[in-house]
Amino acid sequence: MLTRAENKKILFLIAYLAFSLVIIFLLNNKSTIILFGNGFPIEVVSREVDMKRGLGGRNEIGTTGMLFIFKKEDKHGIWMKDMQFALDILWLDKEYRVVDMTKNVSPLSFPKIFYPKVPSFYVFEAESGFSDKYKIEEGAKLQISL
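To convert, note that position 25 of the sequence shown is 31 in my numbering; the numbers rise steadily by one, no gaps.
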């Protein structure tokens with residue numbers, strides 16, 4: 007039978023290992039968008055609850071942008087519910103090619119829903135001005151590392 011001190015040490019070791027594994031996972035699970043040879047961090051969401059919330063309720067974007075991964079190609083609509091800042095919305099096909107985009111979408115546009123002209127598999131949201139800053143146009147192929 008273990009003493010109370012030994013039990014505490016074992017519990018501490020288990021907690022430390024669990025914490026270390028979480029940190030290692032987070033550090034190695036970086037998704038990036040690569041522009042002009044430079045990698046920029048992005049947030050990736052694929053769960054319906056996360057996609058519905060999107061960037062809503064935040065005061066700032068926190069990363070370069072948010073990539074929505076949908077289960078199937080479709081004309082995925084995007085709204086500005088609870089948004090605090092304007093966005094550029096880019097709809098991408100399976101090869102990360104920009105198939106449509108809407109720039110400088112205001113938070114005041116809610117409840118309007120923005121749809122692409124053609125079906126897409128991904129949606130990438132970035133702060134307003136992102137597309138112009140990096141000269142991204144329809145037909146451009148983005149390099150994204152998940």
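These are computed hints drawn from the structure, not numbers from a lab. Cβ coordinates follow ideal geometry from the N, Cα and C atoms, glycine included. Each hint should be verified, as a subset may be incorrect.
Said to hold, decoys possible - Quick list of the computed label-pair ranges, beta carbon to beta carbon: (1) 16 - 151: 17 to 23 Å; (2) 91 - 37: 17 to 23 Å; (3) 87 - 123: 20 to 26 Å; (4) 8 - 83: 25 to 31 Å; (5) 65 - 85: 15 to 21 Å.
As the list claims (entries may be wrong) - Derived BS3-like pairs (lysine-lysine); straight-line CA-CA distance at most 30 Å: (6) 118 - 147; (7) 77 - 15; (8) 15 - 78.
Q. Does the Cβ distance between residue 91 and residue 37 fall inside 17 to 23 Å?
A. 21 Å, holds
Q: Decide if the proposed pair is consistent with the structure: residue 118 and residue 147, CA atoms, cutoff 30 Å inclusive.
A: Judged against 30 Å, a Cα distance of about 28 Å means the pair holds.
Q.
The hint says 17 to 23 Å between residue 16 and residue 151; measuring C-beta to C-beta, is that right?
A. 39 Å, violated
Q) For the pair residue 8 and residue 83, does the Cβ-Cβ distance stay inside 25 to 31 Å? A) 58 Å, violated
(Q) Tell me if the straight-line CA distance from residue 77 to residue 15 falls inside 30 Å. (A) With a Cα-Cα distance of about 45 Å, the restraint between residue 77 and residue 15 is violated, given a limit of 30 Å.
Q.
Between the beta carbons of residue 87 and residue 123, is the distance compatible with 20 to 26 Å?
A. 22 Å, holds
Q: With a cut-off of 30 Å on the C-alpha distance, tell me whether residue 15 and residue 78 pass.
A: 49 Å, violated
Q: Note whether the CB distance of residue 65 and residue 85 lies within 15 to 21 Å or breaks it.
A: 18 Å, holds
The earlier numbered hints that this structure contradicts are 1, 4, 7, 8.
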